[in-house]
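Colleague: Since the structure of chain A is provided, determine the placement of chain B on it from the hints.
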Amino acid sequence: MNLPHVSAVFRKELRETLRDRRTLTVMFLFPLVVYPLVSLLMAEVMAGKQATDEARTSHVALVDPDPVSRATLTALLNKKGTGIEVTRDVSLAHATGLDVSNNLIDAVVEVAPEKTTDKAKADAARGNAPLPVRIVYDETRPVSDQAHDRVTKALAGVLPNGCFQSYAVTGASLATKTKVGGYVLSKILPLIVVIMTMLGAFYPAIDITAGERERGTLETLLSSPVQRFDLMTGKVIAVAALSLLTGVLNIVSMSLTVAEGARLAAGTPILAIPWPRAAATLLIVVPAAFLFGSVMVAIGAMARSFKEAQTLLMPVYLLCFTPSLVAGMADFRLTGLTMLVPGTNLTLLARDLMLGEAHLLPTVIVLASTIGFGAVALAFAARLYDSERLLASTDADLVSLSAWLRHLVSRPAAPGSPEVAGAQPVPPSAGQAVSLFGVAFVLWFFAFTWLQRWSLIPGLMISQWGGFLGLVWVYARLCRRPLGDVLVFRRPPPTALAGAALVGLSGWIILGVLADKVIPPPREVVENIRNLIHPPGESRSLALSVFALAVTPAVCEEALFRGAILQGLRRQFTVPVSCLLTGILFGIMHGDVWRFVPTTILGVLLSWVALTSGSIIPSMLVHVLNNGVLIVLGYYGLDQAGDHLSGGATIFILGAAVVFMLGGLATIRRAGRQTAR
Amino acid sequence: MSDPSAVTVERLKKRFGQRTAVDGLSFSVAPGEIYGLLGPNGAGKTTTLRILAGLLRPTEGVARIDGVDVGLDPRQAQRHLGFLTGTTGLYGRLTAREVLAYFGTLQDMPRPRIAARIDQLTAALDLRAILDRRCEALSSGQKQRISVARAVIHDPPVLILDEPTVGLDVLASRFLREYIGAERARGKAVIFSTHYLAEAELLCDRVGLLYQGALLAEGRPRDLRAQAGDATSLEEAFLRLVTDLVAA
Numbered sequence: 001m002n003l004p005h006v007s008a009v010f011r012k013e014l015r016e017t018l019r020d021r022r023t024l025t026v027m028f029l030f031p032l033v034v035y036p037l038v039s040l041l042m043a044e045v046m047a048g049k050q051a052t053d054e055a056r057t058s059h060v061a062l063v064d065p066d067p068v069s070r071a072t073l074t075a076l077l078n079k080k081g082t083g084i085e086v087t088r089d090v091s092l093a094h095a096t097g098l099d100v101s102n103n104l105i106d107a108v109v110e111v112a113p114e115k116t117t118d119k120a121k122a123d124a125a126r127g128n129a130p131l132p133v134r135i136v137y138d139e140t141r142p143v144s145d146q147a148h149d150r151v152t153k154a155l156a157g158v159l160p161n162g163c164f165q166s167y168a169v170t171g172a173s174l175a176t177k178t179k180v181g182g183y184v185l186s187k188i189l190p191l192i193v194v195i196m197t198m199l200g201a202f203y204p205a206i207d208i209t210a211g212e213r214e215r216g217t218l219e220t221l222l223s224s225p226v227q228r229f230d231l232m233t234g235k236v237i238a239v240a241a242l243s244l245l246t247g248v249l250n251i252v253s254m255s256l257t258v259a260e261g262a263r264l265a266a267g268t269p270i271l272a273i274p275w276p277r278a279a280a281t282l283l284i285v286v287p288a289a290f291l292f293g294s295v296m297v298a299i300g301a302m303a304r305s306f307k308e309a310q311t312l313l314m315p316v317y318l319l320c321f322t323p324s325l326v327a328g329m330a331d332f333r334l335t336g337l338t339m340l341v342p343g344t345n346l347t348l349l350a351r352d353l354m355l356g357e358a359h360l361l362p363t364v365i366v367l368a369s370t371i372g373f374g375a376v377a378l379a380f381a382a383r384l385y386d387s388e389r390l391l392a393s394t395d396a397d398l399v400s401l402s403a404w405l406r407h408l409v410s411r412p413a414a415p416g417s418p419e420v421a422g423a424q425p426v427p428p429s430a431g432q433a434v435s436l437f438g439v440a441f442v443l444w445f446f447a448f449t450w451l452q453r454w455s456l457i458p459g460l461m462i463s464q465w466g467g468f469l470g471l472v473w474v475y476a477r478l479c480r481r482p483l484g485d486v487l488v489f490r491r492p493p494p495t496a497l498a499g500a501a502l503v504g505l506s507g508w509i510i511l512g513v514l515a516d517k518v519i520p521p522p523r524e525v526v527e528n529i530r531n532l533i534h535p536p537g538e539s540r541s542l543a544l545s546v547f548a549l550a551v552t553p554a555v556c557e558e559a560l561f562r563g564a565i566l567q568g569l570r571r572q573f574t575v576p577v578s579c580l581l582t583g584i585l586f587g588i589m590h591g592d593v594w595r596f597v598p599t600t601i602l603g604v605l606l607s608w609v610a611l612t613s614g615s616i617i618p619s620m621l622v623h624v625l626n627n628g629v630l631i632v633l634g635y636y637g638l639d640q641a642g643d644h645l646s647g648g649a650t651i652f653i654l655g656a657a658v659v660f661m662l663g664g665l666a667t668i669r670r671a672g673r674q675t676a677r
Numbered sequence: 001m002s003d004p005s006a007v008t009v010e011r012l013k014k015r016f017g018q019r020t021a022v023d024g025l026s027f028s029v030a031p032g033e034i035y036g037l038l039g040p041n042g043a044g045k046t047t048t049l050r051i052l053a054g055l056l057r058p059t060e061g062v063a064r065i066d067g068v069d070v071g072l073d074p075r076q077a078q079r080h081l082g083f084l085t086g087t088t089g090l091y092g093r094l095t096a097r098e099v100l101a102y103f104g105t106l107q108d109m110p111r112p113r114i115a116a117r118i119d120q121l122t123a124a125l126d127l128r129a130i131l132d133r134r135c136e137a138l139s140s141g142q143k144q145r146i147s148v149a150r151a152v153i154h155d156p157p158v159l160i161l162d163e164p165t166v167g168l169d170v171l172a173s174r175f176l177r178e179y180i181g182a183e184r185a186r187g188k189a190v191i192f193s194t195h196y197l198a199e200a201e202l203l204c205d206r207v208g209l210l211y212q213g214a215l216l217a218e219g220r221p222r223d224l225r226a227q228a229g230d231a232t233s234l235e236e237a238f239l240r241l242v243t244d245l246v247a248a
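Chains as they are written, first to last, in my numbering: chain A, 1 to 677; chain B, 1 to 248.
Same shape as in the complex, but just chain A (with noise of 0.2 Å):
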């Protein structure tokens, strides 16, 4: 063997990659940002959703002849823990599977049912044999089927004197063999149809866009005098309809393999297939085909070749691919934001139209906004094909790894330009804000959660001192711009500072409303959020948690989000999208699915904020009152004032509030302007 050979081929393939920043965002970020976050959102989704079920209380009837035994049932059901009450409703004193069936209850409860045989009750009433419990649920329905397993644990471990068990439970499903179908279908169904239809856009979007390009044939399309958007629209229904053959395949053929396939494990068939419900979830394929083969044919038209729109589809196929397996994994209702979240609206109108339960808003709202998307995605791509940059290659030329390092936070330069040199500072970009906050947020998911779970204020000082402020810091000095610039830390003027102080002193109890009306999150979180603010059994000083949690996050925190991250996006976007990509960010990066709501809207009034005044110190300003208010609130006790107080008291509070906020607004939006006079 060679060795130079082989070590001057590593190294110049190794070199072309490295000065590939596409290939390099996709191969090396994305992976390390998206995989985090996904994970992040499913275990948030998971546990709010795990937690939401274990609090549900299962309502069951209990049909019982023997008063006593009855009493004792009651008394067993309804113990602490087990998760059951018994009815008291009288009307339901005699439920039947009929109750069941129609939602009045979750399960009927039947001792000694009628089936049992005089000898067996004398049996029982003697102790010398098990008292037959029957309990009749539906199987299909998961709010049931929990009721059922929660009635057979709390009997089943009932073992007094005899060591034999005193309830001898029997389960007796209402479902019937074609509900069952529908059911097992619904687990299963949607998600693969989704999934498989999004697959079945991958590869034709790559081929009639990059592969058109690579091929050569792009330039003799583009000269022809069709409407980009009409080629686009032929290139995406072509695509649809692909997709479109390729969910419908699946859905037939996943139907014939789970009927056949439940035959052959059971001998006899044991489910039926709803072919009406089989064939009516068809109607999310057609539009779910259409947003997919729009979006994969808009990222596979920014790919210069085959090999890159592979490398760029693939972290968007997984992005699409999870709230579809959020979706399918666990038991939502398809209600408020969720029917606009693409993928998981769709995967959840598949599973109501399979078990029968779909609703005519829901599913005009589902397919309306998923034609919407898919349009948007489509006037993307056209206006992506109205560009001369489809038949222009941009990367600069590279020559060393320092160079390189640069080329990665810096915009390409022309050779021969002083930013080559290295003379003059670097200007901000919004390539280097998206490149600084992935960086931030892996260091955040791999290092700094894992710092704030050993030892909450070390950790937190040391991620947001060393980690966040330190990151900018470092930007800086890459980009050979003082800190105070790349900060934008000016003095503003103090008018700025009086209507940020109303609009920080105002902010929290907006936000908190709205948090509480819009994704309320589940009591465990709100509890895990207090317990940070004020452990329990810990006595920390209130200077300590001011500063902790409110004046560090407002210093470091602002200078990530508002001063490296908002300037380099301000470069390429408007004032609004700048603010709401920062706020999206800032969202991301608490974390926080319930939160993320609050958070991002908080993000993008910081934003705001910070660009009208100029400045990052009214930002700071906003950003320390709404912790610290809330830090104060807690340290005494009186975070939880709010529940108690009436709907009047409430709205005037709310009222009084918005007030303050848009007199801080206006303020500021009026020093700004005079600042820039």
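Any given hint could turn out to be false.
Claimed, not checked - Here are some, though not all, of the chain B residues that point toward chain A, as calculated from beta-carbon distances under 10 Å:
1) 75
2) 77
3) 79
4) 106
5) 107
Claimed, not checked - Coverage of chain B stretches by chain A, computed from C-beta distances (three or more under 8 Å per stretch; other residues unrestricted):
6) 20-30
7) 128-137
Source of the hints: derived by calculation from the structure; they are not laboratory data.
Ideal Cβ placement from N, Cα and C applies to all residues, glycine included.
Modeller: Chain B only, in chain A's frame:
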């Protein structure tokens, strides 16, 4: 009085960021004329031709194809021109006939006219043996003949050919030059870009020598040779003119 030129370029500029690719270029091409746009790599030939083909927008100036302003209405201008480059690709999994029919449809031609035009081009470009074969199975010369047919399927009055003979053997190059000559005879205006100056000397009625985005000289090949002090070839003339420019 209307402009009799088939192609008019006036003070055309194109900048990519800080870099100026075309810098105030002006020229015109009459019907029945072959105009050679010559120059070294990076002179701005391809950028100029891409602007004329409606693929790039000019930063400044005007380019008209058959009276249509390319910057204002690129799609309309594209109906009046056929664009061909040396690297133009074909859809490998389609047959030659399918490719021609596809581009004919994109030019809004009715089916009978497409069929008739394919018959005409089959005769003119000797396509009979390859018309129903998949493009991926064709040789370079055969592919380029199909590409020419694709570019002229709608019988446009203006042809823009960017280094169309790159990679072709002598016979194929000659065949292509003869076809371009025949199109001139049919009254077509042809813009022909190449850095094979000898080829341009054989074919072009007039040439424009492009250097660093601007027109260095323009005229009939023999006039340019005379202008450069009776240079023996167009290549020699070009070198002398560039040397004089750099020295100045």
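Colleague: Next step is simple, just say for each hint if it's right about the structure.
Modeller: These are the hints, each one checked on the structure:
no.	hint	verdict
1	75	holds, 4 Å
2	77	holds, 8 Å
3	79	holds, 5 Å
4	106	holds, 4 Å
5	107	holds, 7 Å
6	20-30	violated (count 0)
7	128-137	violated (count 0)
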